[in-house]
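J.: In case you want the letters, here they are:
Number of protein chains: 2
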Amino acid sequence: MSNVSLLELLEAEAGAYVSGEDISRRLNVSRTAVWKQVRKLEAQGYTIDAVPRLGYRLSGKPSRITALELLPKLNTRAFGRQLRIMDVVPSTQDELRKLAEEGAPEGTLVIAEQQTSGRGRMGRAWVSPAGKGVWMSLLLRPLVPLPLTPQLTLLAAVALSRAIARVVPSLSIGIKWPNDLLVDGKKISGILLESAAEDERLRYVVVGLGVSVNLEPDDYPEELLERAVSLKMANGGKAIDRAELIAVILEEFERLYDLFAERGFAPIRALWEAHSVTLNHTVRLTTPTGTLIGVPRSLDEMGGLRVELPDGSFQTVYSADIGDPGTRGGQ
Amino acid sequence: MSNVSLLELLEAEAGAYVSGEDISRRLNVSRTAVWKQVRKLEAQGYTIDAVPRLGYRLSGKPSRITALELLPKLNTRAFGRQLRIMDVVPSTQDELRKLAEEGAPEGTLVIAEQQTSGRGRMGRAWVSPAGKGVWMSLLLRPLVPLPLTPQLTLLAAVALSRAIARVVPSLSIGIKWPNDLLVDGKKISGILLESAAEDERLRYVVVGLGVSVNLEPDDYPEELLERAVSLKMANGGKAIDRAELIAVILEEFERLYDLFAERGFAPIRALWEAHSVTLNHTVRLTTPTGTLIGVPRSLDEMGGLRVELPDGSFQTVYSADIGDPGTRGGQ
Chain A
1 MSNVSLLELL EAEAGAYVSG EDISRRLNVS RTAVWKQVRK LEAQGYTIDA VPRLGYRLSG
61 KPSRITALEL LPKLNTRAFG RQLRIMDVVP STQDELRKLA EEGAPEGTLV IAEQQTSGRG
121 RMGRAWVSPA GKGVWMSLLL RPLVPLPLTP QLTLLAAVAL SRAIARVVPS LSIGIKWPND
181 LLVDGKKISG ILLESAAEDE RLRYVVVGLG VSVNLEPDDY PEELLERAVS LKMANGGKAI
241 DRAELIAVIL EEFERLYDLF AERGFAPIRA LWEAHSVTLN HTVRLTTPTG TLIGVPRSLD
301 EMGGLRVELP DGSFQTVYSA DIGDPGTRGG Q
Chain B
1 MSNVSLLELL EAEAGAYVSG EDISRRLNVS RTAVWKQVRK LEAQGYTIDA VPRLGYRLSG
61 KPSRITALEL LPKLNTRAFG RQLRIMDVVP STQDELRKLA EEGAPEGTLV IAEQQTSGRG
121 RMGRAWVSPA GKGVWMSLLL RPLVPLPLTP QLTLLAAVAL SRAIARVVPS LSIGIKWPND
181 LLVDGKKISG ILLESAAEDE RLRYVVVGLG VSVNLEPDDY PEELLERAVS LKMANGGKAI
241 DRAELIAVIL EEFERLYDLF AERGFAPIRA LWEAHSVTLN HTVRLTTPTG TLIGVPRSLD
301 EMGGLRVELP DGSFQTVYSA DIGDPGTRGG Q
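Protein chains in written order, with our numbering: chain A, 1 to 331; chain B, 1 to 331.
Hints listed in this document are in silico derivations from the structure and should not be mistaken for laboratory results. Be aware that a few hints might be false.
[Unchecked claim] Reference excerpt, derived from the structure (chain A facing chain B, CB under 8 Å, subset only):
hint : residue
1    : 147
2    : 193
3    : 195
4    : 239
5    : 318
Even for Gly, the Cβ is constructed at its ideal location relative to N, Cα and C.
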């Protein structure tokens, strides 16, 4: 008998009692074995009420995400199958980068309950308090050449957007170029791709995915509340199951990644454009070498943003911070 | 008085004796100070003959490249100004990558006398015996977005080719796409760019430059002699001054890099095409996802190779191993 089976059995009963005899019969193990598994689950942070004659019931789940909870929910081939769940780390990106250098396979996932030095785009800090978000990093070893890496950035945004929409259908999510997800103009998540290449060959890509799931207004610095929101806050205060969200993210991501491997960027591009809130509005683009104002019209076939300039000409932008004139970016 | 000054003075005399009094006067230091500097140079591997009444003369240089020798030859703003010369390392790339992560500035250079795990393209081993080659890595922190990294690969090939042509004018050097340098069809050098990026922003690029300078036929595994040659072997057996070559490489590289920052890829592309031996010949291209046969016709504005296929259509290739049908790549 595996731990997973007992947990699944108790979860299926949705808080009702199941007799020890019943469990013992259904899992085909001794009642002593059932008791040992109960104690193991308790050691993992589950609360199990044991009442004579009634039996056992699951009355509390650990606030931490556990492999016990997550693995049975996974519906993937490779993504998340190699899994490391950590309590507090400076950054899941740095942890996974180390594993990548040591040869970890594609799909390896690092999840942390809390990051002390979470990073966003352009080196900005990222608020990632304990137990309230999804802070994780996923390892890819794509066969695409280096210049096509922006396509993966856009793919990640589409995958995350589709996953959140599945888990919290009430939300209307827009993608701000290249990969910020917004609800009512406020940021709910961040994506950061760190890539390592030798010449034109990508050695690996570490995809950092941060979702503000169950954060409360108190969790944000005051000045951030104008432009950041959690799924719970945007969902009328209803908490979201983080393990379920992770499983759905991995499923959507792997599905799109396989589609990309098979059919290239075209379907990803169409999905991105359909979800974008960046196209056809005048924006200010701050690039490493200067600022320009224009109207993004589409993606090009490489994944760059085709921007129409005031004189009617077009410029393709690959790296920029995007905003209305006068605003600044960030979480 | 600096070490460099005494060395420069002795070098300028080209092996003739200079009296201690003369040195003391020209460097404006005491004769005891001259003697101390002589001993320091000897400790660095220089041979200095000291003969009563005649004075001092430089009769031997260390076989190792020293900062003392290299720095006065440098004619650069930043390249090579931060310098680490090492004896034996697994790979200069790994050493410089560590420095890059610690915040080393653009232009930082790591030189090794010998590499025990030198790497070439696609993870191939690279023969780098002690004291006979230039094995070094140069740090760039370019403001170009990630998709334009192939342009830097091509720039590196042009810079190295121009530098070698300046130091060994007798050689006719051709560039094989993307960045192998060939003399009479045999490889004399290898270039490997390792890049680290966050989203579309390049954090840094470590440029590995390996030149087989004074290697003898004995230094090569037999099967490599058909397709690899050293500058000395190609130059009628005449040895080349490694420190001078390094200084010229850094100068040519920095000059092209500044040109690139100012005027973009167009001038680099023109130089690359002019030196290429890859264009307009039928070749086999082995990419991560398959093999194709065609005729490379030009570079596109991103730095990709525009290949004409047998049906007359064009395909742009960013990552491939290139060869005549039946041959394989490598050093």
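J.: Taking the hints in turn, state whether each one holds.
T.: Taking the hints in turn, this is what the structure says about them:
1. For residue 147 (chain A), the interface hint holds, since its Cβ comes within 8 Å of a Cβ in chain B; the closest pair sits about 4 Å apart.
2. Given hint, residue 193 (chain A) at the interface with chain B, holds; its Cβ is 5 Å from that chain's nearest Cβ, closer than 8 Å.
3. For residue 195 (chain A), the shortest C-beta to C-beta distance to chain B is roughly 5 Å, which falls under 8 Å, so the interface hint holds.
4. Hint on residue 239 (chain A) is violated. Least Cβ distance to chain B is approximately 31 Å, over the 8 Å limit.
5. The restraint placing residue 318 (chain A) at the interface with chain B holds, with a minimum CB-CB distance near 4 Å, inside the 8 Å limit.
In summary, the structure is inconsistent with hint 4 from the numbered list given earlier, while agreeing with all the others.
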